[in-house]
Each structure stands twice: as structure tokens, then as C-alpha cells.
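Its first residue numbered 103, the sequence shown is counted upward by one per residue in my numbering.
No wet-lab data here; the hints were simulated from the structure.
It is possible that part of the hints are untrue.
Claimed, not checked - Okay, derived cross-link-like pairs now, DSS-like style, lysine-lysine, Cα gap no bigger than 30 Å in a straight line:
id: 1; residue 1: K353; residue 2: K291
id: 2; residue 1: K353; residue 2: K124
id: 3; residue 1: K291; residue 2: K312
id: 4; residue 1: K124; residue 2: K359
id: 5; residue 1: K124; residue 2: K260
id: 6; residue 1: K260; residue 2: K291
id: 7; residue 1: K312; residue 2: K258
id: 8; residue 1: K312; residue 2: K282
Being a predicted model, the structure only gives us computed values, none of them experimental.
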Amino acid sequence: MDTLLVAREGGIATITLNRPEKKNALNLASWSELLGVLQEVADRPEDRAVVITGADGNFCSGADLSDPGMATGGERPFMQYMRHLADPLLRLHRLPKPTIAKVDGVAVGIGLSLALGCDLVVASDRARFSEIFPRRGLTVDGGSSWLLPRLVGLHKAKELAMLGEIIPASEAAAIGLINKVVPLAELDKAVDDWAGRLAHGPTLALSLTKRLLDNSFATSFDQALEDEARSQHVTFSTHDVREAMGAFAEKREPSFKGF
Numbered sequence: 103m104d105t106l107l108v109a110r111e112g113g114i115a116t117i118t119l120n121r122p123e124k125k126n127a128l129n130l131a132s133w134s135e136l137l138g139v140l141q142e143v144a145d146r147p148e149d150r151a152v153v154i155t156g157a158d159g160n161f162c163s164g165a166d167l168s169d170p171g172m173a174t175g176g177e178r179p180f181m182q183y184m185r186h187l188a189d190p191l192l193r194l195h196r197l198p199k200p201t202i203a204k205v206d207g208v209a210v211g212i213g214l215s216l217a218l219g220c221d222l223v224v225a226s227d228r229a230r231f232s233e234i235f236p237r238r239g240l241t242v243d244g245g246s247s248w249l250l251p252r253l254v255g256l257h258k259a260k261e262l263a264m265l266g267e268i269i270p271a272s273e274a275a276a277i278g279l280i281n282k283v284v285p286l287a288e289l290d291k292a293v294d295d296w297a298g299r300l301a302h303g304p305t306l307a308l309s310l311t312k313r314l315l316d317n318s319f320a321t322s323f324d325q326a327l328e329d330e331a332r333s334q335h336v337t338f339s340t341h342d343v344r345e346a347m348g349a350f351a352e353k354r355e356p357s358f359k360g361f
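Could you put together the complete structure from these sequences and hints?
See below:
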């Protein structure tokens, strides 16, 4: 691939945006490659957790509008082009595996949308975040109109989306935009710890929990209870539940297989 690096170890698939000369801005090739990798991860039972990060001190500076066709959609109708760009973000949202964004440096524009589309966001203390779209005369995209109100509330979401201010990691954590801030020297360790715990967890149960939580804002309490019951019906039939029960009785740590 031209714009991404993929590494696998211990059940963790790490996807690195690899255009450091552009602060990992996403060009047209990036979208196709990201979609392909996420589809591959979804189909591989060996990949039990995913980390998305950026090369050389930045997460992603947004869309690379200097790339021919990136700003116009090329010869395709513009709505068709925008839906093409949405495909990797939909794949990320629907991925039946837990995901972590590891953020250093800038995460702005659609780069911020990509980070927020992960289940968890861990940032270095020098990371910076911005819905920079209004500074470019644009509306938010990449799913930010859906993600922001759920993460920080409607009024704060409007502040971020309408002013486009760049905020430090400490503020992003304080308002609930991201999960955790650590010193840069501790970033790898912090993400490795969470990713390892997720990769060695009950993968099917985690995927069902992810779906329940993502659906919660559009679901009644009655329906949430019904959906939880169906999910428990599935999980109680798995190896992982039997293993967890046995481990509890034997006073040892469970060894989950992900099914």
C-alpha cells in the first residue's frame, strides 16, 4: 500500500496512516486502502482489536485537498464521491472488533472524525484537536455531526463545529471528547495495555456490547432490555462464557478465545 502501514502482533492489528510529509493527510488512495484494510480485519478472526495511528508525530491533518480530485470528486457526481469517502468510516463504525485511536500531534477535520469514530481515543499530552471545517468554509463531515453531540453534548458540539478552534488534549479529555491523555513517552505503553486487554477479551461479547451502546440513542429503554436479552442469549452459548465460569470457580484468569 502507498499510504498505510499494517502490523499485527498478539491479536492487535495496528493501522498507521503513512504520509508524514503531509502530516498524514488523507488522499484518494488513502480511502480505498483504509476500506480494504478494515474489510480484511473484519474477516480475520486473528485480528481481535485494532489500533489506528499516524506516522512521525501526527495522527491526521485532515483531507489532502492538494490531491487532484480530492476537493472536487473528479469525474464522479459529487454526492457519489462523498458516499465513497464515507465507506471506510461506515466500515469502522460497524467493525465487530474494538478500536482505539492513538493520537499524537494533530487530529483535525476528517482526521478528527476518524479518531472519534474509534471506540476509544488515547492521546499524548501534545496532541491537538479541531473541527477545522468552518475555517475552510465547509460543514463538518466524516460522521462528526453524529459523533460530537453524543460525546460532548449538543451545545459543546456546536461550539466545536461552528468555531473550529484548535483545543489541546487536556481540554479534549476534560469535555469528554477523548478518553485519556498521557505524556508522550507513555503513549505507546498506555495504548498497548488497553489494546492487549481488548484483544485478549471476549471478542464476541465486546462486539455485541459495542453495538448495544452505539444503538442506545435511537432505542427505547424497553427495546434496549430486549436487545440485551438477545445478546446474552448469544453470549451464554459461547466458549468464552464457559471459560469465564470455570476460571472463576478455579480462581484463575480466564483464557478467552473470542468465540
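Checked hints:
1. K353 <-> K291: holds (28 Å)
2. K353 <-> K124: Distance ~51 Å between K353 and K124 Cα, so the pair is violated.
3. K291 <-> K312: Status holds; Cα separation ~24 Å.
4. K124 <-> K359: violated (40 Å)
5. K124 <-> K260: holds (28 Å)
6. K260 <-> K291: Violated: K260 and K291 sit about 34 Å apart, past 30 Å.
7. K312 <-> K258: Holds, at roughly 24 Å.
8. K312 <-> K282: Between K312 and K282 the Cα gap is close to 19 Å, so the pair holds against 30 Å.
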